[in-house]
Structure formats: structure tokens, C-alpha cells
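Chemist: Listed below are the residues making up each chain.
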Amino acid sequence: MSDILNTVPGMPSADSLERSEVKPENHRSEFDVEINGTVGKPFVDNAKMSSRNCNVFYGDKQAIFDVDLDIGNNEILAMIGPSGCGKSTYLRVLNRMNDTIPICRVEGEHTLDGEDIYGKKTDPVLLRARVGMVFQKPNPFPKSIYDNVAYGARLHGLASNRSELDDLVEASLIKAGLFKEVKDDLQKPGTGLSGGQQQRLCIARAIAVDPEVILMDEPTSALDPIATATIEELMDELKSKYTIAIVTHSMQQAARVSQRTAYFHLGKLVEVNETDKVFTNPEHQLTENYITGRFG
Amino acid sequence: MSNSTDIIRAGLKKRYAREKRFRFFGIVSLLISFAFLLVLLFTIVNKGWPAFQQTYVKLDVELSEDLLKVNKDSDEDALYSANYSKVVKKSLQKMFPGVKGRKQKRALKNIVSNSAAYDIRDKVIENPDLLGTTQSYWFLAKDDIDVFMKGKIDRHLPEDERRIKDYQFVWIDKLIEEDRLEKRFNTVLFSNGDSREPEQSGLKGAIMGSLYTMLVTLLLSFPIAVAAAAYLEEFAPQNNKWVDMIEININNLAAVPSIVFGLLGLAIYINYFGVPRSTPLIGGLVLTLMTLPTIIIASRAAIKSVPPSIKEAAVGLGASKVQVLFQHTLPLAMPGILTGTIIGMAQALGETAPLLMIGMVAFVAEVPNGILDPATVMPVQIYLWSDSPERAFTERTSAAIMVLLAFLVAMNLIAILLRKKFERRW
Chain D
323 MSDILNTVPG MPSADSLERS EVKPENHRSE FDVEINGTVG KPFVDNAKMS SRNCNVFYGD
383 KQAIFDVDLD IGNNEILAMI GPSGCGKSTY LRVLNRMNDT IPICRVEGEH TLDGEDIYGK
443 KTDPVLLRAR VGMVFQKPNP FPKSIYDNVA YGARLHGLAS NRSELDDLVE ASLIKAGLFK
503 EVKDDLQKPG TGLSGGQQQR LCIARAIAVD PEVILMDEPT SALDPIATAT IEELMDELKS
563 KYTIAIVTHS MQQAARVSQR TAYFHLGKLV EVNETDKVFT NPEHQLTENY ITGRFG
Chain A
211 MSNSTDIIRA GLKKRYAREK RFRFFGIVSL LISFAFLLVL LFTIVNKGWP AFQQTYVKLD
271 VELSEDLLKV NKDSDEDALY SANYSKVVKK SLQKMFPGVK GRKQKRALKN IVSNSAAYDI
331 RDKVIENPDL LGTTQSYWFL AKDDIDVFMK GKIDRHLPED ERRIKDYQFV WIDKLIEEDR
391 LEKRFNTVLF SNGDSREPEQ SGLKGAIMGS LYTMLVTLLL SFPIAVAAAA YLEEFAPQNN
451 KWVDMIEINI NNLAAVPSIV FGLLGLAIYI NYFGVPRSTP LIGGLVLTLM TLPTIIIASR
511 AAIKSVPPSI KEAAVGLGAS KVQVLFQHTL PLAMPGILTG TIIGMAQALG ETAPLLMIGM
571 VAFVAEVPNG ILDPATVMPV QIYLWSDSPE RAFTERTSAA IMVLLAFLVA MNLIAILLRK
631 KFERRW
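Chains as they are written, first to last, in the working numbering: chain D, 323 to 618; chain A, 211 to 636.
Heads up, a few of these hints could be off.
[Said to hold, decoys possible] Here are the simulated DSBU-like pairs of lysine-lysine, each with C-alpha atoms no more than 35 Å apart in a straight line: (1) Lys510/D x Lys531/A; (2) Lys497/D x Lys531/A; (3) Lys313/A x Lys333/A; (4) Lys393/A x Lys282/A; (5) Lys514/A x Lys590/D; (6) Lys459/D x Lys514/A; (7) Lys459/D x Lys531/A; (8) Lys531/A x Lys465/D; (9) Lys563/D x Lys443/D.
No lab work stands behind these hints, which were simulated from the structure alone.
Values in this document were obtained by computation on a predicted structure and should not be read as measured data.
Assemble the whole structure, with the sequences as input and the hints as a guide.
Modeler: This is how it looks when you write it as C-alpha cells:
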């Protein structure tokens, strides 16, 4: 899956795409295509999480319009689209991270295993333990590597004694592919690691809580191609156990790691299909314009 | 060469000149402030350092049982109330026989401080066997002798223009000749409370009063201010007019003249709640009011500067708001909060005006033993001493300022150390 050749310098990487994504004015005609509902297959049979009529507002401004989307069990769903299209906002709907923004309002039905995640009975703390998150910028706590990974487990009381916690930390670091590099330095600060290692540490920290779903918000945008390749390999291994939703600016990355791809545009979900289909034979004109680089 | 290059080149000289001018002004203002600081420190140290020395007089005291009207078998009460100043007077008279007249006799007695009698009393009570023997002791010299020994009285002035008269110089010269006058380190300054007698007055009461007051201030203002700051930053609803009003008021409180807080303390704490006046408790309560806005503003700034990514990471792992606050936000904001606290405490330590209103300006000779004992604080002590007519209080005023400055420097040092300890990079 993770073809290192695609990420070496010279090839269009996440960075260069990011730099070129602004200025849609130059491509007015390609950009102004009407969106009439979502095309493709937004629904799956074995949905782990699903949203119906998702609308998100920041104060008076609407950020997401009527999104219907399922995330299948043990699949990697990639979300792509130009900046400000609402993909990160949508991702944060799924574990109620938007709760921390006072002016943000979320509407619609959102379920995890059929349970309403915005219901009165749902505890956001429990939800976030089940739906973990990895952020764009690696954000380890200013603590030791061990304490970083053990944080969630301690928070939720997942380990009853020290040796259990040790095992959990080790297992999480192994799953995140970081153990070999740090096994002798567990007490060193997590912030002293390289960017790629920090991001894997954050993944280990998320895994340690044993979530069912992992949300990744541009997890490799701050990393170099080699670290990116490592993380992508890791995601491929993780999907056997977890359901993953990833927001990315790199279409190559979406093509490499995901089974299904959702294309967002100006807060609307334009197209959802199998990744191969999106990148070889997109149904919607906007999707085609975007992936062929006519804008964005 | 293009036209714009010429224009830029033409302007360069002017630009550099402006830069030079600015740098010059910067250096000049630095030098001026440095000079002022030096002058201030020099005057204080120059005036204050003699106060760290004190003149002592050696007297041979005959502890006559007849004169004291007690003997070895007397009980402690009798020993306590015996008139020991008589034996001091007697020993002076013996050393300088033939002093005539009330004025001269009084002057003779005033070679040693009246604390000499208490010193003898304590020694006798400790060891009654001393009665009937003759002992030589070092006593505190009276302030005039002390001032002269420190070279502050010019004996060549006309007699009516100086505190020490010619006949007194005869005695002093004799004492010096017999090595009975000696300057030692002034332990009294740190072991006694305030006194009307300059040579007996010390800073211990003020230091303890300041410590107790600061303790009350710290214990009250730190938790209240941090809680207020944390609530306003992390929990209070945004864009709520009540919250806005509270914010504006806190910011305004920081600019309220401190004497107003004193009046408030007088009206509310003393008159309404009946808190005892002149105590470190009421002082701490009033200074808390004054310190709160400073610490709140500093703490809010520190809490605001904690990277949101760290808080987000914790929330994303399922930490509750309070857990995020106590496990991440506050520890990371702690260096800033502590700096604000120390600044506020230093301000409170040097404050006089509000304390005048609540009775802490009273003359308190006893060293306070708790937050409910009458006390005074160091800046008030400085104010009181600076107001006293005795010559010897001038140097003690400067010495007290030096001690206060030492306290401030120590507090800042603690702040720096704590900052270093809590500071973490992310």
C-alpha cells in the first residue's frame, strides 16, 4: 500500500498540494459547479459510525450542510477537499470535540454502533474513550514518553497496577511501531522526539485507551515523507482492529491508505465512493476537477 | 542602475542616522535610570550600614544584697521586682566620682541604656548566687553615646549645638581609654521589637508581622485568584455581559489607589465583621483585596498562553474539563501564575497606605506570635522610625529599608527558582 516512491521529494507531496490549494479565483469556472446532494455510495451495510442530516454552525455561519455519511467497520475512510470545506469540522463532530467551542452548534443524527452520540444519556468522556483522535500537529504532553502513553489508561483507570500499566504502555508503543526506538528512553520527555516519532507517540497514546474508532486530522501534514510513509504503514496495520477516519490534503495519501474516499466541497459532501473509483472514474464533475488538480 | 535604487540610497543615510539617534536615546535613558538606582542604593547603604553595629559599655557592677534588698534565698518574684537600676547607677558613680547636680547625674546614668537593669535582673534570676559579688558586664550604650562612637557628633562644635556636653566627653574619653566601649554586630536589631529607645528598638516585630501578614495574604489570594482566573478563562460563558462586567471590574480594581482598600477593610472587616484591628489577619485580608486583581490578571494571561493543542489532546483522550485544568492547564501555566503571585506579594509587602487605615500603624513593642496579635509591618516600621526625632533612628530607618529590600530580593529569587522548577518546554 504505502509506496515510498510516491512520497519522495520531487513527487507532489502533501506540502506542495497544500501550498497550491488557495486561489480558487483562477479556476472560477471549474469551481462553480452546482452540488445537488451526494453522489456515490455514502451508506454501507456494516456502519460503525453514521451521520444523517449533519449540519454544523459556527455562530450564524453554517460550516456543514446536510451531510449523510457512514463509516464502515474496520475500514479506512479518507476525507479530502479544499481548505475550509468542513472535513475537519465533520471529523470533530464524530467525537464531540466541537463541544469545546462554545459558539459551535451541531445538528442531525450521529450514531456509534447505533447509539446516538449527541443523546442526553451519552457521556462525552466515554465517547472520546471509544472514539480516539490524532491531531494535525503532534501534540505530546510535556511529560515522559511513558506518562504520555499511560495518560488515558490512568485517566480511565484501565490498569489496576503498575505492571499492567507497563504492559499496556509497551503494547501500545509496539502497535504504534515506536517501541523499538524508545524502549530505553521511556522516562525521557515525549517532546524531545522527532516530529514523526511524536506523531506515532500520539497514536500510541490514542491506542492505549483501546478505542473502537480512531479519527485522524491530517496526521502527516507536519511530517516529512519518510515519517509519513511510516505512519501510513501503521494505519494499514491498525485497520484490522480499528475503524479509521482520516482527513488529508494529500490525494496520494488518500489513494494509498483508504478503502473509501469522501470528497467535501464548501461544507457539502459531494461524492463518496470506493477509493479506486473516486480516483479513476469520479462521478461528480467537482470531484474530477479537484483530483485532476484543476483547482484546489 | 534604476531610479529607485538612487532614491533608496539617498534615504539610507537618514535611516541610519535615525537608528543611531534611537540607540543613543536608549543608552542615555538606561544610564540615567542606572544612576538614579545607584544614588538611591548608595544613600541608603551609606546611611544604614552603621545601624548594623551597636556600641556596648563595660561596667563593673556590684550586686549588693543591701542595695537590691534581696538575697540568695529570695523567691523569684522578689528577685524580679528588685530595683536593679540602682546598682547600675552606683557602679557608674563609683567609676566617675564627684558628679554634681541633677542634670549631670542624669547624664551619667544615661551612658548606658535602661535595658542594663533588665539584663542584670535576668542574670540574677538565672543564677541568684551572683548576689553579693561584683561582676563586669557589657551593656547597650545609650543612643547618644552610640551616635558619637559612630562619628556622627562633632566635638569641635560649640557646646550648645551638640547633644553631648563637655563633661560627658570626659567620661567617654575615660571609658575609651579603659577599653570599656566597644562596637559589636547589632543583634538587637533582629531580636527586639520596636521601642521608644533607639538602641533597644529592633525589627523583629515588624519582620514577624510582615511574615504573618504575607502568609495570610498568600493563603487567601493565591487560591482565590487562581480559581477566579481559571473559571474566567476556561468555564465562564463567552460574550456574556455579566462575565464582561466582572472582567472590566477586575481590571479596574488593579488601578484603584491602595488606601481605598484600607478604607474598605476598615468599613467592612473591622466595623461590620468585627475582625480585630492592628492584627496580621486584618492586614492580610486588606492586602488580599489589593493583590487579587494583580494575580488574577497575570494568571489569566498565563492560562491563556497554554497551547490549545495540549488541552485538545487531553480532551480527545476523554479527560473532563476539570481534569484538563488540573492535569495540564494549571501545571503549564504555573510559572506565569507564580510570577504574578510574587509580583503581587512584593507589592503587598511594600504597602503602607491601606494598613494605616486598619490600625497597623500603632506602636507595637511586643513581637507578634500569631495572626491575631497586634503587629506592625516593615514598611510601616520604616515610616514610624523615619518620623522619630532621635538621631539614632535615621540610621535604623535606612537599615530597615535595607532589610526590606533584602526581603524583596529574596522573594524575587524564590520566584525565579520556582519558575525554573516548573518551567517545561513543549
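Chemist: Going back to the hint list, which numbers does this structure go against?
Modeler: none
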